[in-house]
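Chemist: The primary structure of each chain is shown beneath.
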Amino acid sequence: MSSSWGLLAITLVCVVTVGVGALGLRLSRTTSDFYVAGRTVTAGWNASAISGEYLSAASFLGVAGIVYSLGTDMLWLPVGYTLGYLVLLVLVAAPLRRSGAYTIPDFAEARLQSRQIRSVASLLVIGIGWLYLLPQFQGAGLALQTVTGAHPAVGNLVVAVVVLASVAAGGMRSITLVQAMQYWIKLVAIAVPVFVLLWIWLRQGQPLPAISSPNGPFTGPGVGYAAREHPVYATYSTLLALCFGTMGLPHVLVRFYTNPDGRAARRTTAIVIGLIGLFYLFPPIIAMLARTYLPALPPGTRADSIVLMLPGAMVPGTLGDLLSAILAAGAFAAFLSTASGLTVSVAGVIDQDLFSGRLNRRSGGDLPRTHSFRLASAVAILVPYAASWFWANVTLADTVGMAFAVAASTLSPVLVLGVWWRRLSVTGAMAGLAVGGALAIGATVATVAGWAGSTGRGWAGTLLAQPAAWTMPIAFATTVIVSLATPASVPKNAARILVRLHAPEEVAGRHTDA
Amino acid sequence: MGLDPRERGRARHTVRPVSTPLPTPALVLVALGLLTLAIAFGRLVRRRRFVSPVDRATYQTLHTVSLATRSLRDGLTPEGAARATKHLRSMLGSEAVAITDTGATLAWDGAGAHHRGQVHGHAQPVLTSGRTLVLTEREIACGDPDCPITSGILVPIVADDHVVAALAAYGRSTSAGLVRATEELARWISTQIELAELGRQRTRVMEAELRALRAQISPHFIYNCLAAIASFVRTDPDRARELLLEFADFTRYAFRRGGAFTPLRDELQNIERYLALEKARFGDRLRVHLTIAPEVLGVSVPFLAIQPLVENAVRHGIEGKAGIGHVTIQAADVGAHAEITIEDDGSGSDPDTIRAVLAGESGRDSVGLGNVDARLRQAYGDEYGLVVETAPGAGTRVSFRVPKFAPGVLP
Numbered sequence: 086m087s088s089s090w091g092l093l094a095i096t097l098v099c100v101v102t103v104g105v106g107a108l109g110l111r112l113s114r115t116t117s118d119f120y121v122a123g124r125t126v127t128a129g130w131n132a133s134a135i136s137g138e139y140l141s142a143a144s145f146l147g148v149a150g151i152v153y154s155l156g157t158d159m160l161w162l163p164v165g166y167t168l169g170y171l172v173l174l175v176l177v178a179a180p181l182r183r184s185g186a187y188t189i190p191d192f193a194e195a196r197l198q199s200r201q202i203r204s205v206a207s208l209l210v211i212g213i214g215w216l217y218l219l220p221q222f223q224g225a226g227l228a229l230q231t232v233t234g235a236h237p238a239v240g241n242l243v244v245a246v247v248v249l250a251s252v253a254a255g256g257m258r259s260i261t262l263v264q265a266m267q268y269w270i271k272l273v274a275i276a277v278p279v280f281v282l283l284w285i286w287l288r289q290g291q292p293l294p295a296i297s298s299p300n301g302p303f304t305g306p307g308v309g310y311a312a313r314e315h316p317v318y319a320t321y322s323t324l325l326a327l328c329f330g331t332m333g334l335p336h337v338l339v340r341f342y343t344n345p346d347g348r349a350a351r352r353t354t355a356i357v358i359g360l361i362g363l364f365y366l367f368p369p370i371i372a373m374l375a376r377t378y379l380p381a382l383p384p385g386t387r388a389d390s391i392v393l394m395l396p397g398a399m400v401p402g403t404l405g406d407l408l409s410a411i412l413a414a415g416a417f418a419a420f421l422s423t424a425s426g427l428t429v430s431v432a433g434v435i436d437q438d439l440f441s442g443r444l445n446r447r448s449g450g451d452l453p454r455t456h457s458f459r460l461a462s463a464v465a466i467l468v469p470y471a472a473s474w475f476w477a478n479v480t481l482a483d484t485v486g487m488a489f490a491v492a493a494s495t496l497s498p499v500l501v502l503g504v505w506w507r508r509l510s511v512t513g514a515m516a517g518l519a520v521g522g523a524l525a526i527g528a529t530v531a532t533v534a535g536w537a538g539s540t541g542r543g544w545a546g547t548l549l550a551q552p553a554a555w556t557m558p559i560a561f562a563t564t565v566i567v568s569l570a571t572p573a574s575v576p577k578n579a580a581r582i583l584v585r586l587h588a589p590e591e592v593a594g595r596h597t598d599a
Numbered sequence: 002m003g004l005d006p007r008e009r010g011r012a013r014h015t016v017r018p019v020s021t022p023l024p025t026p027a028l029v030l031v032a033l034g035l036l037t038l039a040i041a042f043g044r045l046v047r048r049r050r051f052v053s054p055v056d057r058a059t060y061q062t063l064h065t066v067s068l069a070t071r072s073l074r075d076g077l078t079p080e081g082a083a084r085a086t087k088h089l090r091s092m093l094g095s096e097a098v099a100i101t102d103t104g105a106t107l108a109w110d111g112a113g114a115h116h117r118g119q120v121h122g123h124a125q126p127v128l129t130s131g132r133t134l135v136l137t138e139r140e141i142a143c144g145d146p147d148c149p150i151t152s153g154i155l156v157p158i159v160a161d162d163h164v165v166a167a168l169a170a171y172g173r174s175t176s177a178g179l180v181r182a183t184e185e186l187a188r189w190i191s192t193q194i195e196l197a198e199l200g201r202q203r204t205r206v207m208e209a210e211l212r213a214l215r216a217q218i219s220p221h222f223i224y225n226c227l228a229a230i231a232s233f234v235r236t237d238p239d240r241a242r243e244l245l246l247e248f249a250d251f252t253r254y255a256f257r258r259g260g261a262f263t264p265l266r267d268e269l270q271n272i273e274r275y276l277a278l279e280k281a282r283f284g285d286r287l288r289v290h291l292t293i294a295p296e297v298l299g300v301s302v303p304f305l306a307i308q309p310l311v312e313n314a315v316r317h318g319i320e321g322k323a324g325i326g327h328v329t330i331q332a333a334d335v336g337a338h339a340e341i342t343i344e345d346d347g348s349g350s351d352p353d354t355i356r357a358v359l360a361g362e363s364g365r366d367s368v369g370l371g372n373v374d375a376r377l378r379q380a381y382g383d384e385y386g387l388v389v390e391t392a393p394g395a396g397t398r399v400s401f402r403v404p405k406f407a408p409g410v411l412p
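Those protein sequences? They're chains A and B, same order as listed.
Plus 85 on top of the position in the first sequence (first one is 1) and you've got this note's numbering.
Plus 1 on top of the position in the second sequence (first one is 1) and you've got this note's numbering.
Excised from the complex, chain B in its bound form (with noise of 0.2 Å):
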């Protein structure tokens, strides 16, 4: 946008001794850029330098091979094994290659792809065998003079001793080079296929676990407060009667039915229903300071992330010692993050144990820190886990951040 000609002319013999200060912040712009450009250019063409033509092809291949990792992640999808098999030709050199599963033909790359129906049909003795098959010009029969098609190799990729899938190389002539080439890259496909299989249930595990912890409020804990509520049914029924009812809403929150994810503001509502009724049976020896930062309440966190860590504040801070006990809650914001600390200055223990816990080694004291340490890291990457600091007589600190934005957590 431009200037009143007034001005400039004003700005020109005032502000500063530049003899001709319009044209420089362009340069000045133009020369990083072409900087930023030839340094981008510089590292791109370093990294495409190769001793030899062996290096150069071994590149190659890794770097085939990781594009087709990528896209077989998730399985034999439609959509990932479609990605897949351009990369799997490349690596075999044959005209086309195709994957088929139990069901259909799953995808097809390269040439003559008027074929792509007959792969299931060619893949049946595979699937039911789990043997490599050749096929001749005459099993393929093609009316087409001019089709490449003329030849394949069909392989059954298995996984957990059963042939779930088969791989096709179509082209104009087998070798048994090309055979065992083939052969090693289902096997190759087979692992892929297992370790998909073992990400869904390690998140099968995950949700096991969630679910688990969801049941898991101690029956300790529901017993000790029906006494405590029962306690105060003679001497002050008013109370009680408020006491059964936050018994009820924690109850009903702990097993409700729904997301991964809860906004944080819940979870604190929750927890402050948790710390009446202890506060019922604690009564004074049971002190709890509060700092929660309003920017944060909307932020998600996992359901049932901060209730178990409380409890154990709780049951470390007073249950372990005689007199009063503190227990600090924590809720900052912290730019893109919000930081959240529960603090209590009860016995403490020792950081091996902590440390034994964490690593799912030991369940016996804190069942509740390792599957919430578990559940962060599943969540949001093995950055955002729980970290606690403790010593015995030093009481327990445990803190963890939650992103403001995670892709795929919503409440």
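Chain A with its partners taken away, still in its complex shape (with noise of 0.2 Å):
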């Protein structure tokens, strides 16, 4: 693979990023004309800026490398990954919103009353996004090496200096419009060297891979997990996970916020769906096609590498080299605007609920505020990038399953529990999180130290491997029976909060104006 092609097309990347970044206030918006109402977001560029968020390296990557080594079963992911919208959608999309929460925290604070439920969402919130962040920092440190032949670690470095960079340059605004066009840029970088692939495939008329794998026929189905046990729990416990994790990702919820109300904030789900699910379309082609001309890894890749190595095979040459730097970009574009987003998102929360009070105190409040969200976004990204240098064992999809795993068994009762039951108390919240929490975090040290996952270990393995399946159910359970048992921490004024929550703007509005 000639390396300049993509080198110059990742480093326009980066540039087009953090320039953007730097002036994309003043490129996006002077005007001298007033008319605010014409000026909100509208449902479509929200939605596109969502998705150009979540969709990140491990969907642009890691999606198509699981299709690529586990089979078709593993099309159950992206439908998760969508999924999750769906369940947001019905369950907490609206409500959210009008809750006037702009964090999760804020969420939690502002439905039970309570700072030390705020300080654990925090802890918790910075936890997953960090968890989400390694795969991040992986899969663009794999894109390098895969375009440069460059050590995954000078990948991972040039990375994080990337992303400080870019989030210290202007990181703090979320700008809708540069977010919204980072969508169509890795929609267009994956269609269109698929298309074109599609196209060479059809010309060459190979045939449909109905290869077998060591682990069965690729397109069997219920074998996905055949190297690993019981996969019929393990799809399920990860759809579980996918489905009910996404609404406790930290950078989701924050832009919702920019909805103008909860109307909209539905729409907006809804639309999510739909660019997701397109977006969701191209990498098992990808896959598909990687099966049928790479049907063996050579030695020294990784799966998560194919969708970069699969030009080549199919199309030896500049046209392979130049699709290959259009998918190099559109990870690595993929990579920055998550990574970004995630990191302002995390930033902020250590900067709000861990930061400001110490520093102020210690600087006697003289620290300009720039100065320490700079030093919070520091933070959030060496943590990560430092577990990376750990962590180089697990694949993208998986990393990113644990992440979810987390959130669906910490945050999703919190958040749910808070949006449709009365009854919620501070001591059954706080209960659930640290069992939910517990459980979760401890099966996946358990995996990423290698003491289950593998095969050979019947069910506790899988058990480990992958946790939602029963540890949602139980963090559920926790906080519903802690909650009965001490109705004396049932916040005050639940019943109004609920119905703030959940009464539509105008009849709230009309309500107070009385």
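Read the hints as simulated data drawn from the structure, not as lab findings.
Incorrect hints may have been included.
[Stated by the list, open to error] One side only, chain B facing chain A, incomplete, derived with CB under 8 Å:
1) 295
2) 296
3) 298
4) 299
5) 301
6) 336
7) 337
8) 405
9) 406
10) 408
[As the list claims (entries may be wrong)] Ranges between beta-carbon positions, derived for each pair:
11) 221(B) - 273(A): 54 to 60 Å
12) 34(B) - 508(A): 30 to 36 Å
13) 584(A) - 41(B): 53 to 59 Å
Positions of the beta carbon are idealized from the N, C-alpha and C atoms, including for glycine.
Two chains, two separate frames, one set of hints: put the complex together.
Modeler: In structure tokens, the structure reads:
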């Protein structure tokens, strides 16, 4: 593979991202006419922006990689990534917007009127953010490695610096227009190469990949997890984690704040489902073509990099290099947008809930706001960067799966019950967070450390590797039971808050005016 | 989640030359966790270690006082009193402590809770006379021989020269020392109640100020508006009609009743009407530039917080000088905050004058400025006040930040 094309494409993406981050404000909206009402962010733009931040390097590279190596059963994965928004739409989208909360800790505090819950939720948001940032770093390092042959550690360092630069340059502003463009760039960067490759495949008349992999036929149902034990359980558990984990991701709720009201939040979510679904049509096609043209991985490569290797294998020469470069640029754009969005969210929480009070006390209140935010962004990036050194051996999609499992077992009970159940008590929420968090994080650590998940460990290994199916119900049950046992710590105005969350804005407004 | 065995095989001999890569992250995590715990424990131990028993006793007492203070923050509410009596009892060391106000017993803490119903009766003479009363075993008259409540001390709690409640300490015996301690404690509670009352008054004053500001559309503005509209009635009746409608909408918004907060979108819309009216008057002399991030249109801001600032900018930017005046309004998205800036290139003013206005010492020129500043601080805390940058001849720039979410702030 020619490295110059790919390097050029990646450099271009980096420069554009950092530049737009720094200048974006000026580019997008200096105006001298007024008309505020017409300037609200529309649902379409907002949905594009959410999708742009959501589709990560794991989506761009990891989904194709895991379908390639584990078979068509993994098609459930992109379905699950999309399904999360359906659950979000049905259960929490509009009420969350009406709560006026900007972050998940904000919602926890507004709903339960408790600072302690806020602190615990903040810690969890930071942890989940880091767990989700980790595969982004790996994916970017991988893209750099595949394109240039650089050692992954070098790639990781480069991307850490680029993200830090783009966040520090202007990351605090979330510019809808820029994030929305990211989605369309990613879509084009994957769709165009896929259509070209499909056309080549049709002309060459190659067969469909009816190949049998070492684990059984590629297209056979119910065998995808054959490498692992209890494939049906594993599939359902992963799906559950994805469905309920999406609402707990730190960078998702933040974008909902931009919607003018609850109804717009719902409309935005519906469009997001369409946009993300459209994008996820393409990675499986790449996996299928790769099965045909690259029946076995060359030694020394990870399945996650097949997206970048496929064009070279199908059309050696300039066209292949060009397509590869486009895909690498797309993967890098995916990485940068998700990583920046996550870093901003995590840094925001670190800054607000861990730093600002303490820093202000130490510095006598002289520290400018931006400095403490920049310091927080450095912390938000350094931790997952350091972790990416140790974490090299877990596939992208799997690490992402863990972030979803932890989110589903901790924040989702608080969000769902907080929106729908009036008798949720502070003690109950706290117990649910503690139990769900301990179980899910414990299972994650066990898996990453290699104590579980590999074959030959029976149910115990499978349960630890795909924990959501048991940790999430336990977390929900703990929250409900402890809440019922401690009615005294139900916030006094719970009923009023719930009316606020569920009544359309016009009704609520009329109510307060009276 | 696990690995495909084929992949793990590949990964092990290719990715990096670490001999046993798998347990390392877990070890690092565990080590980090232990380190954090050790540091936290060390700090805790250091904080708990005292030089002498006297230090410890002082600390204990002050700590109890600070806990009780927190409970009494809202004055003598049943919940607050219930929480406070626990701490009060540990300070007095008596068997039971109760608080009653003029209506009923608010709280009882300690043994012999069956006496709770009597407290209000016991306190009647104290509440009417304002004198300390010591009860003996005969007056308490308990049928239970094991009951520890055999004597009591009742002390009035006085706020603003009125007896508002009584503090009662019950136990096996009384002493002059206990009576004096109880009286001292009652005096302390009185102070807390007065402080809470002060806090409530501050809120009421703020509300009154808000009402005052709402009504405070300057008469000059109304007069000037109507005069400007009148000048269009013959030459451009359509424009005159439009302006009248703007004027109606503007006053309807400004006089609306309802919450103390409003979405930035509505506030800006009202400023739009205001500026349309001012433009009718000044024509091309007034140039307005806007840079509004659509992301922050939904942020809740205090009702009528921005309009007075814009009005000031127009007044300083145009009326004070000849030629064209520029007014710039910006609303930017900065992470968890929105930043709003109003700038004019007018005559500017002496920083000391502005400082005096913000400190509430002079309300001559910019009534709005001090009021907006006070309301912002009251709603979001002291670090959210107005920032004014100005110098004579250099224009004025007023900015403030609003958190996207603040507990209790809803439009």
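Chemist: Does each hint hold? Answer for all of them.
Modeler: Each hint tested on the structure:
Interface hint status for residue 295(B): upheld, as the beta-carbon distance to the closest one in chain A is roughly 5 Å, under 8 Å. About 5 Å separates the beta-carbon of residue 296(B) from the nearest beta-carbon of chain A, less than 8 Å, and the hint is met. Given hint, residue 298(B) at the interface with chain A, holds; its Cβ is 6 Å from that chain's nearest Cβ, closer than 8 Å. Interface restraint check for residue 299(B): the shortest CB-CB distance to chain A comes to about 6 Å, inside 8 Å, so the restraint holds.
Against a cut-off of 8 Å between C-beta atoms, the interface hint on residue 301(B) holds, since the closest Cβ of chain A lies about 7 Å away. For residue 336(B), the interface hint holds, the least distance from its beta-carbon to any beta-carbon of chain A being 4 Å, beneath 8 Å. The interface hint given for residue 337(B) holds, since its Cβ lies 5 Å from the closest Cβ of chain A, which is under the 8 Å cut-off. The interface hint given for residue 405(B) holds, since its Cβ lies 4 Å from the closest Cβ of chain A, which is under the 8 Å cut-off.
Contact between residue 406(B) and chain A, as hinted, is supported at the beta carbon level, the nearest pair being about 4 Å apart and thus within 8 Å. Here the hint on residue 408(B) is kept, as its CB sits about 6 Å from the closest CB of chain A, short of 8 Å. Restraint check, residue 221(B) to residue 273(A): a C-beta distance of roughly 58 Å satisfies the suggested window 54 to 60 Å. Range check, residue 34(B) to residue 508(A): Cβ separation about 34 Å, and the 30 to 36 Å hint holds.
Between residue 584(A) and residue 41(B) the beta carbon distance is about 41 Å. The supplied range of 53 to 59 Å is therefore violated.
The structure fails hint 13 only (numbered hints given earlier).
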